[in-house]
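Student: Chain A is fixed; fit chain B onto it per the hints.
Protein chains: 2
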Amino acid sequence: MSFSLTILGSSSALPTSKRFLTAHLVNHDERFFLIDCGEGTQMQLKRFNKKIARINHIFISHLHGDHVFGLFGLLSTFSMMGRKSTLHIYSNPKLEEILNSHFSYFNETIQYPIDFHHFSSKLSEPIYNDGKLEIITIPLKHRIPCAGFLFKELPKPLNIRKEKIDFYDLGIKDIISIKNGADFVTPEGKTIENNKLTEQHTPSKSFAFCTDTKAINSNIQLIKNVDLLYHEATFLDSDTKLAKATYHTTTKQAAQLAKDAEVKQLVIGHFSARYKNYSLFQSEANSIFQNTILAEDGLEINI
Amino acid sequence: MSFSLTILGSSSALPTSKRFLTAHLVNHDERFFLIDCGEGTQMQLKRFNKKIARINHIFISHLHGDHVFGLFGLLSTFSMMGRKSTLHIYSNPKLEEILNSHFSYFNETIQYPIDFHHFSSKLSEPIYNDGKLEIITIPLKHRIPCAGFLFKELPKPLNIRKEKIDFYDLGIKDIISIKNGADFVTPEGKTIENNKLTEQHTPSKSFAFCTDTKAINSNIQLIKNVDLLYHEATFLDSDTKLAKATYHTTTKQAAQLAKDAEVKQLVIGHFSARYKNYSLFQSEANSIFQNTILAEDGLEINI
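Chains as they are written, first to last, in the working numbering: chain A, 1 to 303; chain B, 1 to 303.
Calculated directly from the structure, the hints in this document are not laboratory data.
Remember, predicted model here, so these are calculated numbers, not experimental data.
Please note that a few of the clues may not be correct.
Identical copies carry no separate label here, and so any pair may be met within one copy or between two of them.
Restricting the straight-line Cα-Cα distance to at most 30 Å, the calculated cross-link-like pairs of lysine-lysine (DSSO-like) are [stated by the list, open to error]:
id : residue 1 : residue 2
1  : 51        : 18
2  : 224       : 264
3  : 46        : 241
4  : 276       : 18
Pulled out of the complex, with its shape left as it was, chain A reads as follows:
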């Protein structure tokens, strides 16, 4: 089952000639989830050969322009492409007001239903569940209300080994029970353990997305052991004061969080456009957490 993250934009605030503004595409089992939508997101989706029309769910962390301004064009493009299916947008309630105001000026464009799903950013809450994947918010600390998102694959039902169905002459009721993890008791009263009857599945994977935020520890339990953590690292260690003042995170702070939360892999991004040399981001993060990669526009990471 596919589960991947594609970086569409890895710059913060100001774009550079190589890095667009924040946007990410998650592919889970060929369903496509967009996280944030900075200006130029639709161009990046084209550039990296992603099928725009297959995006049905958009998650917006917070209402700063570099995470939102691509929505106006993307929603308009959906309409021009003849979209009929419902688009789901998950965000702070204010985004609905902003988009409705926007549509009132540019009302030629939207001809498909939009379902807004509001969240508050103050507490972690479930916002999506399709039986295979659950998405819950991660409260962050930025200058305005902001939330990250935790993508968790739900426990997969067990598969029964086919030969055991015949061997023990299992009925439908038995099968359902075993798939849900129960042992089987034969008519003779002998207990057959579940793991003798079922096949091992690949474990459920998880991905946490945290930007924009100052360095905080309050989410460590929430992101504990995730397979991939995307965390902002807007600033280098030498700009720790600036990071604090602007409610952003440094390389070392992001790496320390990854270490404390014992995540399997860290990807840092949302780099300030002030820096010319990105190798320092790598070395500073690696000094604390070895399994760190740097976001680059177009980079695709299997989770």
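Tutor: Chain B only, in chain A's frame:
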């Protein structure tokens, strides 16, 4: 004196992997004028090494998203770059309302003065004059109010040949008079013709920008003999009905207009994303007007 047009985006409505949305940069004597501002304009300015901070005047033809949605990000970027100088925006009055509504939601961003200059699109009117360059609107016919822009270099004052100042012992009053085109009468009553006293200047150049519009003849006198005409050619000749229905122009119609107006050079752009092969745009236009070039993102044309 520099006078050039750079194409920043040559696709209409929907971007393609190679063509961004409508935006153009005019450089006149190292002053920079932006015409239209589709999504991603600030990225294209970076990509083509244009100095964003030197843009002081933005002209918006009409309020369709593919000509406007890049403004939100660009105005925000100006602010983050520490802009203090006034930005002048020339447009339909409604844009001021739209931007003010937008700023009320994203009010962290704008810290420099914006002067809005409204025009109506119904009649041609002068909207800019700095003594060297005049810009006047060109009424177009689109689904909503829309105007093109005529950039006209003003007649340059004549230069007096230095040796003539000594020879005729010219005073300041004489010099001003001769620079403005007058002949000189010697104390002996002999008339010296102006062209004997002055140097020939390069002629004043002109550039007309027309998009979006259906094919109309009513502007022919206005754009007569311009050195460069940018005209939309959204559709190929085979889609003439569609062009009419959507208030757009075909290749052949744009070329016919260039021919009728006896312009020196035509550049066509704003191509519909439905076409894969652009050579037909070239051949159809050339069949009527030979000196036609196709817009491409990044193309710079000296006027």
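Student: Check the structure against each numbered hint from earlier and tell me which ones fail, lowest number first.
Tutor: Of the numbered hints given earlier, the structure breaks none, since each of them holds.
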